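Since chain A is already given, all that's left is putting chain B on it; use the hints.
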Amino acid sequence: MHYDALIVGAGPAGLSAAIRLKQRALAQQTELSVAVLEKSAAIGGHILSGAVFDARVLKALFVDGSASQQRLAALLQTPVSAEDFLLLSKNTHYKIPQWILPACLKNTGHYVISLADLCRYLSAEAESLGVDIYPGFAAVEVLYNAAGAVAGVLTGEMGRRKNGSQGANYQAGTQLFAPYTLFAEGCRGQLARQLDERWHLSAACDAQHYALGIKEVWAIEPALHQAGRVLHTLGWPLSESASAGGGFVYHCADNRLALGLVSSLAYQNPYFSPYAEFQRFKTHPAIARFLRGGKRLAYGARSLSTGGLQSLPKLVFPGGALLGDAAGFLNAARLKGAHAAIKSGLLAADACFAALSERRSADELSAYPAAFAQSGLWAELQQTRNAKPWLEKNLYAGSLMFGLEQHVFGRHAPWTLHRAQPDHARLKKAADCAKIDYPKPDGVLSFDLNSSLYLANIAYAEDQPKHLKLKDPARAISVNLALYDAPETRYCPAQVYEIVYEISPEQPATRAARLQINAQNCIHCKACDIKDPSQNIVWTAPQGGDGPNYVAL
Amino acid sequence: MKILVPVKRVVDANFAIHAQADASGADLAHAHFVLNPFDEVALEAALRYKEHAQAGSMNTAVEVIAVSAGTLNAQENLRQALALGADRAILIHTDAVLQPLAVAKLLQAICVIEAPQLVLCGKQAIDDDAQQTPQMLAALLDWPQAIGAALLEIEHVEPRGAACYARVSCVTDDGQDTLELRLPAVISADLCLNTPRYTSLINIMQAKKKPLKLITPAELGVDIAPRLRTLRVFEPPKRACGVQVANIAELVSQLKLAKVLA
Numbered sequence: 001m002h003y004d005a006l007i008v009g010a011g012p013a014g015l016s017a018a019i020r021l022k023q024r025a026l027a028q029q030t031e032l033s034v035a036v037l038e039k040s041a042a043i044g045g046h047i048l049s050g051a052v053f054d055a056r057v058l059k060a061l062f063v064d065g066s067a068s069q070q071r072l073a074a075l076l077q078t079p080v081s082a083e084d085f086l087l088l089s090k091n092t093h094y095k096i097p098q099w100i101l102p103a104c105l106k107n108t109g110h111y112v113i114s115l116a117d118l119c120r121y122l123s124a125e126a127e128s129l130g131v132d133i134y135p136g137f138a139a140v141e142v143l144y145n146a147a148g149a150v151a152g153v154l155t156g157e158m159g160r161r162k163n164g165s166q167g168a169n170y171q172a173g174t175q176l177f178a179p180y181t182l183f184a185e186g187c188r189g190q191l192a193r194q195l196d197e198r199w200h201l202s203a204a205c206d207a208q209h210y211a212l213g214i215k216e217v218w219a220i221e222p223a224l225h226q227a228g229r230v231l232h233t234l235g236w237p238l239s240e241s242a243s244a245g246g247g248f249v250y251h252c253a254d255n256r257l258a259l260g261l262v263s264s265l266a267y268q269n270p271y272f273s274p275y276a277e278f279q280r281f282k283t284h285p286a287i288a289r290f291l292r293g294g295k296r297l298a299y300g301a302r303s304l305s306t307g308g309l310q311s312l313p314k315l316v317f318p319g320g321a322l323l324g325d326a327a328g329f330l331n332a333a334r335l336k337g338a339h340a341a342i343k344s345g346l347l348a349a350d351a352c353f354a355a356l357s358e359r360r361s362a363d364e365l366s367a368y369p370a371a372f373a374q375s376g377l378w379a380e381l382q383q384t385r386n387a388k389p390w391l392e393k394n395l396y397a398g399s400l401m402f403g404l405e406q407h408v409f410g411r412h413a414p415w416t417l418h419r420a421q422p423d424h425a426r427l428k429k430a431a432d433c434a435k436i437d438y439p440k441p442d443g444v445l446s447f448d449l450n451s452s453l454y455l456a457n458i459a460y461a462e463d464q465p466k467h468l469k470l471k472d473p474a475r476a477i478s479v480n481l482a483l484y485d486a487p488e489t490r491y492c493p494a495q496v497y498e499i500v501y502e503i504s505p506e507q508p509a510t511r512a513a514r515l516q517i518n519a520q521n522c523i524h525c526k527a528c529d530i531k532d533p534s535q536n537i538v539w540t541a542p543q544g545g546d547g548p549n550y551v552a553l
Numbered sequence: 001m002k003i004l005v006p007v008k009r010v011v012d013a014n015f016a017i018h019a020q021a022d023a024s025g026a027d028l029a030h031a032h033f034v035l036n037p038f039d040e041v042a043l044e045a046a047l048r049y050k051e052h053a054q055a056g057s058m059n060t061a062v063e064v065i066a067v068s069a070g071t072l073n074a075q076e077n078l079r080q081a082l083a084l085g086a087d088r089a090i091l092i093h094t095d096a097v098l099q100p101l102a103v104a105k106l107l108q109a110i111c112v113i114e115a116p117q118l119v120l121c122g123k124q125a126i127d128d129d130a131q132q133t134p135q136m137l138a139a140l141l142d143w144p145q146a147i148g149a150a151l152l153e154i155e156h157v158e159p160r161g162a163a164c165y166a167r168v169s170c171v172t173d174d175g176q177d178t179l180e181l182r183l184p185a186v187i188s189a190d191l192c193l194n195t196p197r198y199t200s201l202i203n204i205m206q207a208k209k210k211p212l213k214l215i216t217p218a219e220l221g222v223d224i225a226p227r228l229r230t231l232r233v234f235e236p237p238k239r240a241c242g243v244q245v246a247n248i249a250e251l252v253s254q255l256k257l258a259k260v261l262a
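Each protein sequence line maps, in turn, to chains A and B. Those letters in the first sequence? Residues 1 to 553, by this note's numbering. Those letters in the second sequence? Residues 1 to 262, by this note's numbering.
For reference, chain A alone in the conformation it holds in the complex (with noise of 0.2 Å):
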């Protein structure tokens, strides 16, 4: 199949892009064929954030007075509020007064939403504009012309069997082919990554670095609901393990809760669980207080790529480009991606309609990273740069740090902070880490991973191969076992990992460890890719439509 513009990821970076060259082509009375493959089976189903959304971005993409705008206004029915920083300590929390925080921590005249909803906006006002949007397709493999320059992709085959050979309703994938492939998979995409390495695109940039976000919707108590209301969060319980992140909690439409923990990947006591962390941190009064008589709705994970301007990737090669977090546009210290995401899609697209205009392919869109670094996505993100860096190297005096650098230096800081060393490279042996014992769930507040993982409503086609590959299947055991005691049994979200023990009954004194991989609890966060210490796993995209299906998160 042929295209004009081809996108990978129906997310908020993708479908922007689709949307922008839709409207430059009918500004220009042209034609301009776009297709977007989504891997999800609904679109929404594979994304999750908080959110609060700078919604500026969306309004100066459409007309004002339009039914585009009507529309968007239903989208934008809960306005940020109220909003509360909290320093949290065990068992008691500091409400850091609002003239301390910097600009980029204010979120008067943001909205509270869905990053699903949003996502469902965007690709009805795709379609409306006559993109074809492609749900339950993923892209597995990228396409190359003769001169070694992106073509196009290859969407995934459906019903290989388990055992390799092909089922009763086997079709193979298509191949669609364009002049010009924006990738917007997201946070450590599989095909970004494939396209890093053949292009060289970090070359020159710091290593990315990542965090988790777990994220869960309660239904909560309406007197306890304030809508709009904006609480974020430092400190315990990650400050227990010195690990960065932070907590948030929104609140929704339909006396909704949106609450999660963002750890940073960075951490590096094996023992760390994400998951564990974020049960407790809702044991917290100042979080518990919300969530009395209160019922758990849904529940997902996520990786987010934090490493900003420093870890920037080079954005074009031939024939494609890099969109939204797949290159890392979020900006951490503003705690938001999401209007970073649509930017690059917008600024990718300009590049791109340009390009076909002038009849030109495969080549580089090298006018995208010149528009980037004169927007003023660019100047946001310089400002912020030193953030994560500085709350990584000490919560308390790297806050304070970056408050300083930001009341006085503004975007002008003299100095730039690098974090030379990749995430999963962070990671300390087992021996010499402390255990951590985390308590049990006590099914009010904190819940096991089984009954979480019910609540992401993840589905797979039962007969088909594990998509989680292991580069040497030794390693799991021989050092990722002996050496860090198998850490990816801990931050995995989803319990894909176990190590399972097995007695032989010729020996019943020796027990052989195996890694067993549950590859049908993955909800795709991509938490293994990035943290695995030697990078053994490998992530791949499984059945078209396979995964969890998000609802509203």
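Please keep in mind that the hints were generated in silico from the structure rather than gathered at the bench. For clarity, every value in this text was computed on a predicted model and none was experimentally measured.
Listed next, the stretches of chain B that the computed footprint assigns to chain A, with coverage defined by at least 3 CB atoms under 8 Å from CB atoms of chain A:
1) 28-35
2) 189-197
3) 200-209
Derived lysine-lysine pairs resembling BS3-like cross-links, with alpha carbons at most 27 Å apart:
4) B:238 - A:295
5) A:393 - A:90
6) B:238 - A:440
7) B:210 - B:50
8) B:50 - B:208
9) B:2 - B:209
In this text, a Cβ means the ideal position worked out from N, Cα and C, and glycines have one as well.
Below, chain B without anything else, positioned relative to chain A:
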């Protein structure tokens, strides 16, 4: 030969559904909707017959028509049926609540217009599990019916005009019934009839050009007023924890207390 395949838009089985706070119904605000899996199986059976008929020596042209009734959103499910291989689609558009008898009457009206030789549908819809519409439709049309097909063969006695028979093995509570029906007939499919195919990107694209007709119940002259009123929809009460007993003596005394033992 025309095969009519009624399809229903239902909530995706992979989603956990909760009752509305006011017990008026299920909370479907953010649900994802798919083609009823039983209907996918029926459609697959129709498509296989069509491919078989066109490839074989019979040289019979088979037209597969997908029909649905409901809101305009059902168009996306009909497009999926078209992408799988149906030739055209009809949506009976209404925002009213539809119950099985109303659907059967609507399908009867369509059958009068389209005159298919076979209505091939799913045995039940996975949202209400009613298992009523195919039987009611057959009665209204005064056609033979086979319910819960696990095996289906369609034979032509003569290529055109003369009688056509379908041999169907149906799943029953105590085994299998094998029936021979003279067409036109209504056959409902059980899940074990076949494994449906996947849609391909190319077929999805081509399906956009296939005809999808909209029609209303009023235009068909059908009264769809519901006969049943839903009083309350609620989730089953949480199972209470069991009681653990320390020994047999305690078990016996607990059973006596519960009046299970004398």
